[in-house]
Amino acid sequence: MSGDCAPVDEIAPPAPDPGRMGSERLSRLRNQMRAQGVDGAVLMHGPHVTYATGHVPGAVDAGHANHRRAVAIVSASDGPARLHAHDPAGVEARPPLWPELDDGAASVGEAIADVLGEVTGCRVAVDGMTGAMARAGVLDGAELVDASRVLVPARVVKTEDELACIDQSQRHTERAMEAAQAACVPGSARTEVAGAFLAALQDADPESGPSYRNGTAATSAAYQNGIDPIFQPMPTRRDGGIRTSTGHVAFPTGVDNPVYAEGDLVWVDSGVGYHGYMSDFGRTWVVGRAPTAAEQSLFDRWVAVLEASLAAVRPGATLGDVGRAARAVEPHDTPWLPHFYLAHGVGLESAEMPMIGTDLGPAFDDAYVLEPGMVLVFEPVTWTDGVGGYRAEEIVAVTDDGWRLLGGGHHYEPFRS
Amino acid sequence: MSNDLVLARRDRVLDAMALASIDALVLGRQDNAGYACGMRRLWTAGTRPFGAGCIVVASTQRVHALSSWEAGIESPMTFDDLYPLTWNPRIMAASMASVDGLTRAGRIGVDELTPSFRRAAANFAPRAEIVPADDLMARIRRHKLPGEVEAIASACAAAWVGVEAALDAAGGTDPAASAIRALAGAGVTVPSSGVRAERHGAELAVDVGVICDLYEGGVGGVFAGGRRAGASALPDACRAGATHAELSAAAATGDWLVRGLGMGFEQPVIGPGVGAGERLEAGMVLSVTNGHRRDVVHVTADGPAVLSQRP
Chain A
75 MSGDCAPVDE
85 IAPPAPDPGR
95 MGSERLSRLR
105 NQMRAQGVDG
115 AVLMHGPHVT
125 YATGHVPGAV
135 DAGHANHRRA
145 VAIVSASDGP
155 ARLHAHDPAG
165 VEARPPLWPE
175 LDDGAASVGE
185 AIADVLGEVT
195 GCRVAVDGMT
205 GAMARAGVLD
215 GAELVDASRV
225 LVPARVVKTE
235 DELACIDQSQ
245 RHTERAMEAA
255 QAACVPGSAR
265 TEVAGAFLAA
275 LQDADPESGP
285 SYRNGTAATS
295 AAYQNGIDPI
305 FQPMPTRRDG
315 GIRTSTGHVA
325 FPTGVDNPVY
335 AEGDLVWVDS
345 GVGYHGYMSD
355 FGRTWVVGRA
365 PTAAEQSLFD
375 RWVAVLEASL
385 AAVRPGATLG
395 DVGRAARAVE
405 PHDTPWLPHF
415 YLAHGVGLES
425 AEMPMIGTDL
435 GPAFDDAYVL
445 EPGMVLVFEP
455 VTWTDGVGGY
465 RAEEIVAVTD
475 DGWRLLGGGH
485 HYEPFRS
Chain B
2 MSNDLVLARR
12 DRVLDAMALA
22 SIDALVLGRQ
32 DNAGYACGMR
42 RLWTAGTRPF
52 GAGCIVVAST
62 QRVHALSSWE
72 AGIESPMTFD
82 DLYPLTWNPR
92 IMAASMASVD
102 GLTRAGRIGV
112 DELTPSFRRA
122 AANFAPRAEI
132 VPADDLMARI
142 RRHKLPGEVE
152 AIASACAAAW
162 VGVEAALDAA
172 GGTDPAASAI
182 RALAGAGVTV
192 PSSGVRAERH
202 GAELAVDVGV
212 ICDLYEGGVG
222 GVFAGGRRAG
232 ASALPDACRA
242 GATHAELSAA
252 AATGDWLVRG
262 LGMGFEQPVI
272 GPGVGAGERL
282 EAGMVLSVTN
292 GHRRDVVHVT
302 ADGPAVLSQR
312 P
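So the protein lines, in turn, are chains A and B. Residues 75 to 491 in the numbering used here are what the first sequence lists, from first letter to last. Residues 2 to 312 in the numbering used here are what the second sequence lists, from first letter to last.
This is chain B alone, in the form it adopts within the complex (with noise of 0.2 angstroms):
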């Protein structure tokens, strides 16, 4: 991954964190955490329970993450901005007690809030004030920069790899199988979503989602012929301004979904019983789901940009 990237979203944390008066953020979201350093890390699934996976200081303007080891870490983080893997509360109060400049910190933001972290903060920051900050980084999210649009065009090029090979699949085998075969070979093993693949007679419903350098990219259909079936008035109506009435109206199926994607499954997330406050704004990269087709949209003040298409 470019280092400009990494830096570039740095610093808009800084930004966002001067902005709202937070001097040191503990993220324990994967996503957020990636956002913010920029390491790749081993992936497993699932949720895990929040623990301070990184850590952002306003005053110190450095990043910090639980490893104990430096591979997977970018610059400008060094060997020396880690803090170890520890099973012992104690010592990681006191890892946390020795990163510079966060037991001073009057405000900590957070992505997850625990009852132990509250007590654990009392200890190695008696002062802070505890606040949630996941809007803080969700807000950051909502808009791309040009790198990372870059980045999700690349991982949907990937999911393609896996879609051609679900295609290819020779009839009584796996089409699954062959999609995640293919996938490794082109060197991807880490799903976002995960490959999806069912014949139904003579069509295919498949759906990929794949993870390359922290960034996702998907794509899904029915195919039947090797062609993709489906309109694409929903990604057409992916404009900047689009209100939930609008994409409700142009999906025209129950079973629609227009979320945010980036980093994983983020916001806005406008779909049936969710969403009805959210409008499109340019700058966003959107999974968009209509029945089983799924493409990624680029909303750009010029209109939708599709960055799912068959490479």
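The shape of chain A in the complex, shown without the other chains (with noise of 0.2 angstroms):
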């Protein structure tokens, strides 16, 4: 049978059923709730709102973000989750709410009494309560808890359309950045090459016409880009850039506009969303040339890091197992960036649990344990002060026995692998 022969990138993978996915989440926010007696949710930060509704919101500017905050409200009992959206793209929602704005608290308000009843005495879960509603005593009278208590279990174990989602949004990042990577020669500038990237994103998707993907949502279903996508060149001297904090180099810091020289190593970083699920591309390009010996050496420390990392992930396997099977091919040398870690998971966000080697330090690591369905974004750094770093990054999802990867598998070149 010759689908049997077929690469890896060019199997269809599974289209996720987003009426299932949302049934799903809901259900698990639920259960959450019910378990840590958390009697309703009001939540107003975009991932929240996903979780509950399945309303993705534009990947706007914070500022436009807060001041046109979709709302979500979820009573623990049964239901459907109440969504007041300024741009519902296709979800059914209830009139937009103003919570910036003091002559729009109340109605935030009036919307939770509406589907909370009296919230006097009940435990509610909120994400972040803004002035406007402080001012006007919304949900006075009610213990608040952080949201982050009911969604970061429920999310951080992903169902199978969860999965799909961000299969197809790293497979998507991945055919736009082949456009970027043409476009990082001796003389170009970031923009430029982000420029490449973005628009490839735009030119790429399939999923709508011509529409509102660098901004609002034309669909939730939409490619959004949801970083000023990353490519700084590196110094080869941890010193040999600005200062930092950490006694490491600083990535990414997202300013400045550098135009690349023949031989310089660029970092490489993105995320876009895919109903909202974030992919994480990773890489490190050598600009104009091909990477030398020592190069090549830092490429092939950090593939011999992923693999034995990789080893050593399976449910029941801790955090700190991980860990310590990266560590254990680089004796000398933490490889990863301080203050990041060697992995974190990805979802609605970037970066989210569960995250491997943070400061959180070696008790965390060890008490937390990989769960099938559990997501691990591997970023580890090898450096030699002299030469610099390699960096590059890939998602898998924690299977029954072990993992298996998200995203079609990219190339590393110029690195030979």
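Don't take every hint at face value.
Unchecked claim - Listing some non-contacts, in silico: residues in chain B with all C-beta distances to chain A over 10 angstroms:
1. Leu6
2. Ala59
3. Asn89
4. Pro127
5. Glu151
6. Glu204
7. Ala232
Claimed, not checked - Partial chain A-side listing against chain B, Cβ under 7 angstroms, derived:
8. Met203
9. Val219
10. Asp220
11. Ala273
12. Ile316
13. Pro326
14. Thr432
15. Leu434
16. Ala437
Hints were generated in silico from the structure; no laboratory data involved. No residue lacks a Cβ here, since even glycine has one placed at the ideal position from N, Cα and C.
If you follow the hints, you should be able to join the two separate chains into one complex; please do so.
Below, the structure written as structure tokens:
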């Protein structure tokens, strides 16, 4: 059968079922609310609203997102989640609310009362209270808890549809990165490379025609860029760049518009949402020439760290087990950036739990057990002072007996793998 | 960005804190933090959970920001005014406790409230009363400094780069992709509202909202034969003293919005069902949407000045 011989990236990945994804998410959220004695949730942070209702807010600047917030209200008992949204984009929604404004806060209180009833004495999860809501006494009398207490455990194990969304988003990002890599040549500037990437995201979006994808979503299924894409030329010495408090290099700074010179090691990072689920593409490129033997050696060490880490990934293993496997390959130097991690989760946000090797400390990592459906984005960094560093990212989902790659399995050129 | 503008904004914040008897501000909103400290950061889309992105202390007159490196910072802030990124709430609380003057604060203003921040503040500033200060920041930002008006006009000119590219895009190609590519070529990759461009027969509906050097610019409209359609009655009505009723009458469509524009979407917000009690004031800069048409207008003592003129 010819299908057996098809390369991995030519096999059509499973498409997500948004209806099933929505009902499974709401059920997981309610299970957490009931288990923790939370009577209701009032959610205004975009990823939280998406998790509860399926509505994906437009990928606009934070100032716009705050003022045109969607609001989701969820009762721990049955019934649909209530959504108020400015741009519902195909999802059933009530009229928009203005929780930032003093003349809009009372309507927020009325919507909450409509769904949750009298809140005095109730335990209500919130992800933020605006000043206007506080001045209007919205949720006065309720016991408020952080929404992350119910949403983090609900979100950490992904459904098959959530995994399919991350997989699709990663494949779309990989395709658009081809154009960016071709544009990253001596004399080009970061914004030119970013422009090639962003335009390719737009050109290659199969979901709809010309539309609002770099801003307001035409539909929740459109691809939306979520991060000003990073193509940062790195110093070859730890102390060769701007000053940091970590003793290592600064990344990603996200400012300035460098022009590339031949031989620059460019660290790439990006994130694109599909149904709100973020991709995370990281690579190291060499501008205008093949890698030197010393640079290739950085890559070979990076592969060794990745492979050792993945060999430790299985249900029942702890984050600490995986971190120790990575460190064993590079015993003299922690093989990741000290302000980040060896690996982080990804989903409706670019970096979420579980995170391996953060400053939460070894006790946190040793107490955290991997389960099927968790997602890990590995981003080790190997470094030789004077040569520079190699950094790339790979996304895997924990399966019943190990892990599987999400995305199409993008190449590492110009490095030889 | 001019250092004078950074200093002028910081002084406005410190003056407003003094008037409101607020000893320290903890700002989580990206735009408020940018206003107070001038720091440029990696742009990410959408809302973000409240955290201490920037701290302003009245007793020391110093501004501090969350960052592990000195990229993007503006004088007078220095490397020593930064506190590092962390995933660990205990480390964060220790960083906050070491910000000079914060632990002694009697009243701490915040631009959003969360249960966890209240809990943390009880440790690093045990005597402090936590009060909403989103309104303090909104009041300052309603009226723009001359340097801010210039920055917004520059950002509007940049937005036109995208509009012109969308208009020039060949038939059969995506005008939004052309706009995005041209904006990037001009050094602009950060959206405010983003790029929207759709062809309807011979017409092109386009709206571009971008951020340059922390300030927003935008313009929108339906173009036919390279010219923008639609009346300018609503921008013309943006005079000091204008009421909701007057703006609504000038709009003459159900789909209109007059809202503050500067470092993002800000106050006032006046439109169908919102802002009934607002009146326009000299010094405001407004994004004025009427149907598909959008202009950016500076309300001056002499009347409206359109900042989004085609360059």
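Verification of the hints:
no.	hint	result
1	Leu6	holds, 17 angstroms
2	Ala59	holds, 19 angstroms
3	Asn89	violated, 5 angstroms
4	Pro127	holds, 20 angstroms
5	Glu151	holds, 19 angstroms
6	Glu204	holds, 13 angstroms
7	Ala232	holds, 24 angstroms
8	Met203	holds, 4 angstroms
9	Val219	holds, 6 angstroms
10	Asp220	holds, 5 angstroms
11	Ala273	holds, 4 angstroms
12	Ile316	holds, 5 angstroms
13	Pro326	holds, 6 angstroms
14	Thr432	holds, 4 angstroms
15	Leu434	holds, 5 angstroms
16	Ala437	violated, 11 angstroms
Of the numbered hints listed earlier, those contradicted by the structure are 3, 16.
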